[in-house]
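Protein chains: 2
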Amino acid sequence: MEIGILGTGMVGQTIGSKLVQLGHIVKMGSRTANNEKAIDWVKSNGPNASCGTFEDAASFGEILFNCTAGNASINALKLANENNFNGKILLDIANTLDFSKGMPPMLSVCNDDSLGEQIQRTFPQLKVIKTLNTMNCKLMVDPSLVNGDHDIFVSGNDLAAKEKVKSILADWFGWKSIIDLGDISAARGMEMLLPIWIRLMGIFKTPNFNFKIAR
Amino acid sequence: MEIGILGTGMVGQTIGSKLVQLGHIVKMGSRTANNEKAIDWVKSNGPNASCGTFEDAASFGEILFNCTAGNASINALKLANENNFNGKILLDIANTLDFSKGMPPMLSVCNDDSLGEQIQRTFPQLKVIKTLNTMNCKLMVDPSLVNGDHDIFVSGNDLAAKEKVKSILADWFGWKSIIDLGDISAARGMEMLLPIWIRLMGIFKTPNFNFKIAR
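In order, the protein sequences belong to chains A and B. Letter by letter, the first sequence follows residues 1 to 215 in the numbering used here. Letter by letter, the second sequence follows residues 1 to 215 in the numbering used here.
These aren't lab readings, by the way, just hints derived from the structure by calculation. You may find that some hints are simply not true.
Identical chains blur together in the list; that is why a pair holds if it fits in one copy or across any two.
[As the list claims (entries may be wrong)] Here are the computed lysine-lysine pairs in the DSS-like style, where the Cα-Cα straight-line distance is at most 30 angstroms:
#1 Lys205 with Lys176
#2 Lys164 with Lys205
#3 Lys164 with Lys88
#4 Lys88 with Lys78
As the structure is a prediction and not an experimental result, all values here were calculated from the model.
With these hints in hand, go ahead and build the complete structure from the sequences.
Below, the structure is given as structure tokens:
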């Protein structure tokens, strides 16, 4: 499948590389066509990897991954040009972490809104599915990094798109326990997991842990 | 031990009854000395249970439990009179859930502050330990209601008080896995678990589940 990755950071690189390993054709998009990190990533990922602008990646991908920093996501998606979005699935992985006032970071959006909802409202042509935002990026594509059972959450308004994303999580990335939280407003609760996640990482000194709902 | 419970709702009643069963002497406090729910609770819990005003309960208890609604907690503690607080431990179990705009509820305080921190700031004579707020009240005093391993969080500034609370959770209520998140500012992350908790309860149709950090 042809997939567009928006963002060139660790999350975008990790997911992009996993997708290339799985045999997909991946274009990584950023603000400029000659982003150094994107070019390096292309070099180390072979002929099925390419890069370009946000618009190039959005136009290329049948499915899109939002791996930008949460506070830059809306602008990145505007640059991606909504004319490229016609009914495509966007996996929204971003969190609006704001480190500008020091540690611990705060969320720029929470409680009565979420980034997932903002993106869905701003770009109704996208089928936004919030997922993967509640863990470290290595764990996103390799759940076996954490022992035992643990969970991944999904939320979104389009049921068929959500089923497609669940099958991506299960069949491509290896997730066994996927909890469907309902419509995109559940992105609030998913994004509000970040403050305790960051606190836990500081205590455990490793990002290799994950939420599990015991029942 | 003599214990003061602030609040007469399900949380206060459930914890109060458990403490009486354990042999403690419990006074339940509310806005008025003759609160009907408190009087009914006393009747069904025998001679070691009593009730009175917030001030009566705060003066009576060597240890205090804040089981009021989060948005009423600061006022309840003011009525309890800070002269009764001299160095006492307060287990803060409350959440600032605001249902006034319908479902899902929002938090009145979050992100850059928390109820736990507000209480500690307002009443420096208390040793505030945030705990037990991330689950249903029946589970608070009986972790075996949920299968397998699952976690309870604690945070607070006073290390000795936090150790005392950990022993209360372990020895009185039966908690095996207690995660110490550090100082009281970690109450932000603990209280911000509520939106996803409420969403999960709606999906599972039962409050008998709990967070577990897999690692």
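Structure-based check of all given hints:
In this assembly of identical chains, the alpha carbons of Lys205 and Lys176 lie at most 30 angstroms apart whether taken from the same copy (26 angstroms) or from different copies (22 angstroms). Proximity of Lys164 to Lys205 under the C-alpha cut-off of 30 angstroms is restricted to the inter-copy arrangement: shortest distance 25 angstroms between copies versus 34 angstroms within a copy. When the C-alpha separation of Lys164 and Lys88 is checked against a cutoff of 30 angstroms, the pair qualifies only within one copy, where the shortest distance is 11 angstroms, while the shortest distance between copies is 54 angstroms. Proximity of Lys88 to Lys78 under the C-alpha cut-off of 30 angstroms is restricted to the intra-copy arrangement: shortest distance 15 angstroms within a copy versus 54 angstroms between copies.
Of the numbered hints given earlier, the model fails none.
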